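K.L.:
Residues per chain, in single letters:
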Amino acid sequence: MTDLAWRAERVTFRHPGATRDALCDVTCDLAGGGVTAILGPNGAGKSTFVRLLIGLAAPTRGIVQFRGRGLTSWPRGAIAREIGFVPQGEESVFPVTVREVVAMGRYPHLGPWRAEAEEDRRIVRHALEDVDALVFADRPFSTLSGGEQQRVRIARALAQHGSAIVLDEPTAGLDVRHEIELFALLRGLAAHGRTVVLVTHNLSLASRLADRTLLFSEGVLVAQGESRSVLTGELLSRVYGWPIDVVQHPGPGAEAGGPLVVPRLTPPTGPGL
Amino acid sequence: MTTTAAVARRYLLLTLLLGLAGMLAVRVGAVGLTLSDIIAAIRGTADNATHTIVVGLRIPRVVLAALCGAALAVSGATYQALLRNTLAEPYILGVSSGAALGAVAATVFGLDRLSPWIIPAFAFAGALVAIVLVLRVALVAGRVLDRRTLLLAGVVVGAFCNAAVLLFLTFADAESFRSAVFWMMGSLAGATWQHVLLLAVPLAIAGVVLFGLARSLNLLAVGEPTAAALGVPVERVKYLCFALASVLAAAAVAVSGVIGFVGLIIPHAVRLLWGSDYRQLLPSAALLGAIFLVGADAAARTIAAPTELPIGVLTALVGVPVFVALLRRRDD
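If you read the sequences in order, they're chains A and B.
Numbering-wise (the numbering used here), the first sequence opens with residue 1 and increments by one.
Numbering-wise (the numbering used here), the second sequence opens with residue 1 and increments by one.
Derived by calculation from the structure, the hints in this document are not laboratory data.
These figures come from a predicted structure and were not determined experimentally.
Every residue, glycine too, gets a C-beta built ideally from N, C-alpha and C.
Be a bit skeptical, because a hint or two may be false.
[Said to hold, decoys possible] Computed from the model, here is a short list of chain B residues facing chain A with C-beta under 7 Å: (1) ARG27; (2) THR86; (3) LEU219; (4) ALA221; (5) PRO225; (6) THR226; (7) ALA229; (8) SER276; (9) ASP277; (10) LEU309; (11) PRO310.
[What the hints assert, rightly or not] Partner residues are not named here, just some residues of chain A that face chain B (Cβ under 7 Å, in silico): (12) ILE54; (13) LEU56; (14) GLU119.
Next up, chain B with everything else stripped away, as it sits in the complex:
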């Protein structure tokens, strides 16, 4: 049995790792920086160019990467318990397809030139519309939060949105086409402190509430009759978790595009390493997801510099082999 002290030590270790990864990520990029440059920039004693790079570009980007990783991992873990499906991830119910539809529509119609906030706003709105549609379709099919009905509704709504995205792209000019496709591969370029705030607020709220529901999630994963018999207000918990996980996924996708695999493999990795109790799984997954995405983003910026690799491609290319290695380790 894992003791409280051991769990606290693990959080401390993961937090230190996150700090270390963050520091390295701030240092690397088109302009290499030393630790003293960074400290000077933060204290306001560096030259203007360095200050802009560190405080205006690098740090918000690294912080946004961390928040995205945490949000996607927590969202995925919640969906997995809610749908009682280990293959569930934040985009399984059509959130990413809805967001892509919003973002692509904005790009193709040239609205993105009006303001840098158009794409995130349209993506978030598209994701929310997809979530509402999923609920409506599930309602038509009968029991709203029956997990099989929800999955089916998510697949159907996602397919519809994807078809609409392709339809829009058919009529897009080359430049819009390129930027739309790159958005769908995910990117943290262009991160600002406003982006950070946009994601930090929902993450803080959803994180606290979901942590309070961790025990209920443990029981939901066992089965609804069991959970209900043990006093879990099953329907209320399911609605709340569905709403929070969806908003987390929508907020993450709005500020960073579609970054796959984080929400699927990070909760799995935590389960393989430290077990399935959601009281430790949610915080551990948030920290591990943050570390993973900070690392992935730093790698995306540096591997083929000055060309930036799409981070969604990198998370899959790195995440999948690591995940397979973890699976093998468990079999030994």
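This is chain A alone, in the form it adopts within the complex:
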């Protein structure tokens, strides 16, 4: 459970035709298990890094390994059996049911001619249970709320049945309650031994719920490690170009998680900001 999941060694990535690197000399180890948050301002290279983690893009230089093996040498299907993925903002153009969406997670396990077996249906049912979506399994996906839809996408990633799950801004567009519930769901998955990696813009939730944090700025990995040591007011202020304070949560239950990350209302002043 605490084995090494990913290792990135001196990874540089440049989009074809671009004049600057989207990622520059990134080196990090991601331990198996737990929740890792990938943070950084817009355009910092978070989504690019995620694409490298799931093998959708190959690094221009350097190597990304998953469980000790370079991802570029893996067939796509084999990666999909190991790493579940929840992309940002997808929408089917056709009406599909919740169960059909989740069953799509079985794709990498099935050949073109093999029908789903009892085993596949069982895994889909379990995935629906894990995200508490079994009650609306036969409803059209499009009739669900944003939070429910996101849970179903996570169930699809779970149905891929890998040891890790990667999510790109899973709480974008969700209200407070659904956002926290989703984070709790991800914590639960981590508690059951899965490795969870997510990109998010919600710094407070990352602080309170992620074990580890990678902080990107302009393609450079500026900090990595335990969330409470990475998320300091000084570093965040510098990276986001806006004064940010890290304060204790005032309410009950504060001891259960990390501190709050609060941007100041006044604009940045003085040199260096």
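For chain A, the structure is supplied; the task is to place chain B on it using the hints.
P.N.:
Below, chain B alone, put in the same frame as chain A:
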């Protein structure tokens, strides 16, 4: 969740309906036939005239109608997933315009008098040229199989071919003009067993391969990043689907002219009735498309007999109200 048994029952029902529609379609026409006439003709015990009508004219025509309906429905369904656009149909990327250009050119230059195969050959060639042109235009614009680029290229190439068709028609004599216009409205008159074979081969190959790609099509419809992350070889699947759907449309248009709306509304109807999973959608659409076109062709032959109505006009006149009714049913 639809069980395998329920899907099998549905295929059986649709196949029976197709057989029934086919039998009725063989019976009706300028000469009315009884079931025993037809059976006698097939067993070779009928008189010569009946034998010719049944085996030489009616049956190949009905079979061709069924194959056309299946090909157009499968082609349309594939384009809809590929382009992630529910309004896509087999002709959306200029296949029909290219085919029309080939057919009209052959007619206007009088080549069609040389052989009955000139029109299908020119139509098929025109359709293939249009497909290649669409790919070339899309290549100029950048990413080849980006769906927006493809759509744009299809519209541009289609418009160009249509303009060329009108240019040719300007210089056509009255007889060529009439036959060219009728070709563009679609017709299954003149169907032979060779026509059947011409369409059956591509349909069988494309049908099997596309059915194997059904799960990939499901994922493409959700989105390319999702499909890629789940292990779909996205670019390869897109090229293959584009090629197969285009060849299906080209083969159908070559043997029957432009028959609209089948490729658009049949996949929609299947979605409204039985859902969007391509593993059941493709076979269901093929069967439903076949039934629909067999029925439409029989109606085209009989409604205003002895005048034959253009089948493309009929598919639109019948298909659209039925489709609106289906849409209403879903809203209830």
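K.L.:
With reference to the structure, classify each hint as holding or not holding.
P.N.:
Hints, one by one, checked against the model:
About 38 Å separates the beta-carbon of B/ARG27 from the nearest beta-carbon of chain A, more than 7 Å, and the hint is not met. Because the smallest distance between the Cβ of B/THR86 and any Cβ of chain A comes to about 6 Å, under 7 Å, the interface hint for this residue holds. Taking 7 Å as the C-beta contact cut-off toward chain A, the hint placing B/LEU219 at the interface holds, the least distance being around 6 Å. Proximity of B/ALA221 to chain A holds as hinted, the smallest CB-CB distance being about 5 Å (cut-off 7 Å).
Against a cut-off of 7 Å between C-beta atoms, the interface hint on B/PRO225 holds, since the closest Cβ of chain A lies about 4 Å away. Annotation: interface hint on B/THR226 holds; nearest CB of chain A at approximately 5 Å, less than 7 Å. With 7 Å as the threshold, the beta carbon of B/ALA229 comes within range of chain A, its nearest partner Cβ sitting at about 4 Å, so the hint holds. Given hint, B/SER276 at the interface with chain A, holds; its Cβ is 4 Å from that chain's nearest Cβ, closer than 7 Å.
With 7 Å as the threshold, the beta carbon of B/ASP277 comes within range of chain A, its nearest partner Cβ sitting at about 6 Å, so the hint holds. A cut of 7 Å between beta carbons decides the hint on B/LEU309: the least distance to chain A is about 33 Å, and the hint is violated. Interface hint status for B/PRO310: violated, as the beta-carbon distance to the closest one in chain A is roughly 31 Å, over 7 Å. Below 7 Å, beta-carbon pairs count as interface contacts, and A/ILE54 has one with chain B at about 6 Å; its hint therefore holds.
For A/LEU56, the shortest C-beta to C-beta distance to chain B is roughly 6 Å, which falls under 7 Å, so the interface hint holds. At about 15 Å, the closest approach between the beta carbon of A/GLU119 and any beta carbon in chain B exceeds 7 Å, and the interface hint on this residue is violated.
Violated hints, in rising order: 1, 10, 11 and 14; the structure is consistent with all others.
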